[in-house]
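Peer 1: So the sequences go chain by chain: A and B.
For the record, in the first sequence the residue sitting at position 82 is 960 according to this note's numbering, with numbers rising by one throughout.
For the record, in the second sequence the residue sitting at position 14 is 75 according to this note's numbering, with numbers rising by one throughout.
Quick caveat, the hints were computed from the structure, so don't treat them as lab data.
Be aware that one or more of the hints could be misleading.
[Stated by the list, open to error] Straight-line Cα separation of at most 30 Å, DSBU-like style, residue types lysine-lysine; simulated pairs: (1) K1076/A - K267/B; (2) K235/B - K1197/A; (3) K1080/A - K267/B; (4) K994/A - K282/B; (5) K1196/A - K267/B; (6) K1094/A - K213/B; (7) K987/A - K267/B; (8) K258/B - K1190/A; (9) K258/B - K1052/A; (10) K997/A - K258/B; (11) K300/B - K1196/A.
If you're wondering where the values come from, they're calculated on a predicted model, not measured in any experiment.
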Amino acid sequence: MAASTYKCPSCGGYLAFDPDTQKWKCPFCDSIFDEQSVLAKDAPPKQTAEADQRQVVYRCQNCGSEIMTDETTVATQCYYCHSPVVLEGKLNSSMRPDSVLPFAVDREKAIAAFMKWVKSKRFVPKSFFREAQIESMTGVYYPHFVTDCEVQGTVEGEGRNMSVSSTPSYVITKTDHYHVRREADLSFRSILRPALTKTNRKLSDAIHPYPLDSEKPFSNAYLTGFVAERRDVEAESIRLDIEQEVSGYVQPLLSDTVSYESRSLSSSCRVKSLKTRYVLLPTWVLTYPNRQNPNDPYYYAMNGRTGEICGKLPVDRKKLFLTALGAGAAVFVIGCILCYFVF
Amino acid sequence: MKKVLFLLICLLLFLRPLAQAENTRIIDAAGLFSAEEEAVLSQTITRFQDETGMDFVICTSDSYHSESLQTLADDLYDNGGYGLDEDASGVLYFIDMYERIPYLSTTGAMIDYLTDERISAAHEASYDFLASGQYAYAAEQMIYSVYGYWEKGIPEGQYRYDVVTGQRLTARHKALTGSEILVCALIGLVAALLFTKSIQGSYTLKGNTYHYAFRENSDMKLTGSADDYIRTTTTRTRKVQASSGGSGGHSGGSGVHRSSSGRSHGGGAGRKF
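Pulled out of the complex, with its shape left as it was, chain A reads as follows (with noise of 0.2 Å):
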């Protein structure tokens, strides 16, 4: 489904990312090379125009999804619906992403996870076995937002201490009450959000955390072999949501400077910057179509980075209803001689 495209200096082969070493390598000539080499011949960031030529998006005609990859990766079928996707043309450069985690998990290992947790599930269809279906088998990078955010926070309101003493026949408590207030300036780091609204989303939101430190500047090269979803959010649409969620960690944060027996503390926040960069995350995807629901397909999707699963498996509801039908069967005899022996 897809072919690299980075050409090797020794023999001209084309060259694919390796998870594995995190290192490019010509499949023809075995020639390994490294981030800087291979980077080297990619447009530095300042001249992004022409790298973005390298890159293209097609498009699902069935459910709309819009994946892009180097210009000389091939993409011929969706990852998510099996439907043809049509070339639409190069990237806009205002959807270059900013940064990238690089796959760790190659396609062997990820294959490897998936047959061995699909092969414990005795009425997953036969055909999902398929070795064309597991062929079928994407990396996809999804679209994030990260966002780093600074903030002023103040906490305020009234702390107690207590202490009790007692008389032959009094139990005398004094409360000593303060008046609190706490500033502090409060950086938050790697906030995500998915950049993505269509439903293909589910299959990168479960396998969490990704492991953000690992962020790699964004570059074509990373793409071959792969694909990516091309974002549809802007960055300014999640700006008040995560303005929102930031607020409410002031309270707890500041809190814990707060030392009193008992206190009633009320918090505000003020966004002093807030920096939100787009982000891919690698994401290894294998659906089946559901018939029922065409637009809702069965999936596999394992995290790129740190092998999470998670996945929703077709059932052969004729094997499974069969069995279920022995199982109570089984039941039911065993009551009856039970009954009838015992009671």
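Using the hints provided, position chain B relative to the given structure of chain A.
Peer 2: Coordinates of chain B only, in the frame set by chain A:
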């Protein structure tokens, strides 16, 4: 010669039901039934025999008998050569007009069908007819009662015991009652449903959804901190004396006293304030 013998046996077998029909199962020595009644009862008995494969004999008597009713009825059945199977299974309904007592004698498999409890119930069902002199109805009712018990089958837990020694002679009859089968079927159904649900559940893998660990991913620099004393408040609470107030009685009981009217009352005073 063998062929002739074979034909003869076949003929005998063929004629047997006819012979039975003629061989009446009604011995109306007391003359309680009219000819029509007897005909109806006879038909009913034939149907009973066809359905159950067991015999039903009705016997009436209004003369004195020296032996017990039990012995009399049993002997009548045994000596009359009744019974259709090899155990001579069947029942004899004896209406003794001399002592005005009905009696049921059971034989063979019928012993198991008609437990003591069922026999009493069957007599109960016919009692009103006997008391009002409708003996034919009483007899017919008895046939239906016995037929009904046969249909229900041998009751679960039934056993034979010696009436003299009380010793149990057979093991309890094991049977599945309708409600047991129903409960088992329900449990089976629930098991099947649970199985289906658990399989379907295990085919959807939830995974980990996103959760922002804000304490690990944040830095805080305190820029201002103030703790200003406002005031001190004091509250005094009188200690609760264990023995003060009330009547000091039992914690779990209710003290009761009698008023001048003689009526009982409960109560107790509160703490003085």
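Peer 1: Compare the distance between the alpha carbons of K258/B and K1190/A with 30 Å, and conclude whether the hinted pair is satisfied.
Peer 2: holds (14 Å)
Peer 1: Given the hinted pair K1080/A and K267/B, is their alpha-carbon gap at most 30 Å?
Peer 2: holds (11 Å)
Peer 1: Is the Cα-Cα distance between K1076/A and K267/B 30 Å or less?
Peer 2: holds (19 Å)
Peer 1: Between the alpha carbons of K1094/A and K213/B, is the straight-line distance 30 Å or under?
Peer 2: Not OK: K1094/A and K213/B at ~82 Å, beyond 30 Å, violated.
Peer 1: Do the alpha carbons of K258/B and K1052/A lie within 30 Å of each other, as the hint requires?
Peer 2: This hinted pair is violated, its Cα atoms lying about 59 Å apart.
Peer 1: Taking only the CA atoms, is the gap from K300/B to K1196/A under or equal to 30 Å?
Peer 2: Judged against 30 Å, a Cα distance of about 73 Å means the pair is violated.
Peer 1: Can you confirm whether the C-alpha distance between K994/A and K282/B stays at or below 30 Å?
Peer 2: violated (48 Å)
Peer 1: Given the hinted pair K997/A and K258/B, is their alpha-carbon gap at most 30 Å?
Peer 2: Roughly 19 Å between the alpha carbons, so the hint for K997/A and K258/B holds.
Peer 1: Verify the proposed pairing of K235/B with K1197/A, using a straight-line Cα cut of 30 Å.
Peer 2: The hint is violated at about 37 Å.
Peer 1: Are the Cα positions of K1196/A and K267/B separated by 30 Å at most?
Peer 2: holds (24 Å)
Peer 1: Within a Cα-Cα threshold of 30 Å, do K987/A and K267/B meet the stated pairing?
Peer 2: holds (21 Å)
The structure fails hints 2, 4, 6, 9 and 11 (numbered hints given earlier, in ascending order).
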